[in-house]
Amino acid sequence: MSEIIHAHVPFALAADHLEYMVERGVHPEIFFNAETLDALLPEQVESLAASFAARGIDCTIHAPFMDLNPGSDERLLRDATRLRFQQVCAAAAILRPKVMVFHPGYDRWRYGEKQSSWLGHAMESFVQVLEQTEQTGCTIAVENIFEEEPSTLLALIEACNHPRLRHCFDVGHWNLFHNEEVGLEEWFAALGGHIAEVHIHDNRGTRDDHAPVGEGTIDFGLYFRLLERYAPDAVWTIEAHSRECLERAVKSIKGIVRKTSPA
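Plus 1304 on top of the position in the sequence shown (first one is 1) and you've got this note's numbering.
Errors might be hidden in some of the hints.
Stated by the list, open to error - Simulated DEER-style distance windows between Cβ atoms:
#1 P1467 - V1326: 19 to 27 Å
#2 S1355 - W1413: 21 to 29 Å
#3 D1523 - R1328: 32 to 40 Å
#4 R1562 - D1342: 39 to 47 Å
#5 E1438 - A1463: 14 to 22 Å
#6 W1413 - R1379: 16 to 24 Å
#7 T1521 - N1465: 14 to 22 Å
#8 D1537 - G1329: 17 to 25 Å
#9 A1316 - G1441: 36 to 44 Å
#10 E1428 - P1467: 17 to 25 Å
#11 S1546 - D1371: 42 to 50 Å
No lab work stands behind these hints, which were simulated from the structure alone. The model shown is predicted, which means the values in this text are computed figures rather than measured ones. All C-beta atoms, glycine included, are put in the ideal place defined by N, C-alpha and C.
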């Protein structure tokens, strides 16, 4: 398994969890929502970055996503999305994350036959993100949300054709939204070579529970074997909603990985 485990933590709570992260050897994925970005001062980000550096902590970042869509046909929504992306890129310039995760904003029920329109706008948005993070040098990873199959994410990655634009595979979202023809093996066959980060949590296929590994219906034995085959260097991020769930998840992951690892 990955030697470094990251865990989701909102920016406002990162300092409060700092000593816990050091004790447990867990590194943060810092989430910035819109309210945080509007009130954020560079000095606050610099203080957190200094604390991380003093304690040997690496971080990743999760960009804001609520009601945002980088490929929207509505110009005002694209502008709002790109403003939020610009703001989080400014924070990244200070925190210097390994990976920044973004939501793509696509779902087939809204776009239907207008997939190419979404793709064109989304490509422009992510080219801007890549330009804004050129000095930071971090990987930009686009996460699957409502995607039933991987073709639109693959099209976006191929259209941008940039070595820093990769994929964040969220196995919980896959379990909720994938169609019957796209199992884990099919998803990894299409996008496995592009995976830079994975979001790890479980559910029973009916709601986004963010449950610890092993408490839902996902075949994590197969999942970890595929991850080792296609993306052995991917960042592992546990999206838990409490310390207790995080600790249960880490324990479960260790047990499953031991069972699936070659003797």
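Hint-by-hint comparison with the structure:
| no. | hint | result |
| --- | --- | --- |
| 1 | P1467 - V1326: 19 to 27 Å | violated (32 Å) |
| 2 | S1355 - W1413: 21 to 29 Å | violated (43 Å) |
| 3 | D1523 - R1328: 32 to 40 Å | violated (27 Å) |
| 4 | R1562 - D1342: 39 to 47 Å | holds (45 Å) |
| 5 | E1438 - A1463: 14 to 22 Å | holds (19 Å) |
| 6 | W1413 - R1379: 16 to 24 Å | holds (22 Å) |
| 7 | T1521 - N1465: 14 to 22 Å | violated (36 Å) |
| 8 | D1537 - G1329: 17 to 25 Å | holds (18 Å) |
| 9 | A1316 - G1441: 36 to 44 Å | violated (26 Å) |
| 10 | E1428 - P1467: 17 to 25 Å | holds (19 Å) |
| 11 | S1546 - D1371: 42 to 50 Å | violated (26 Å) |
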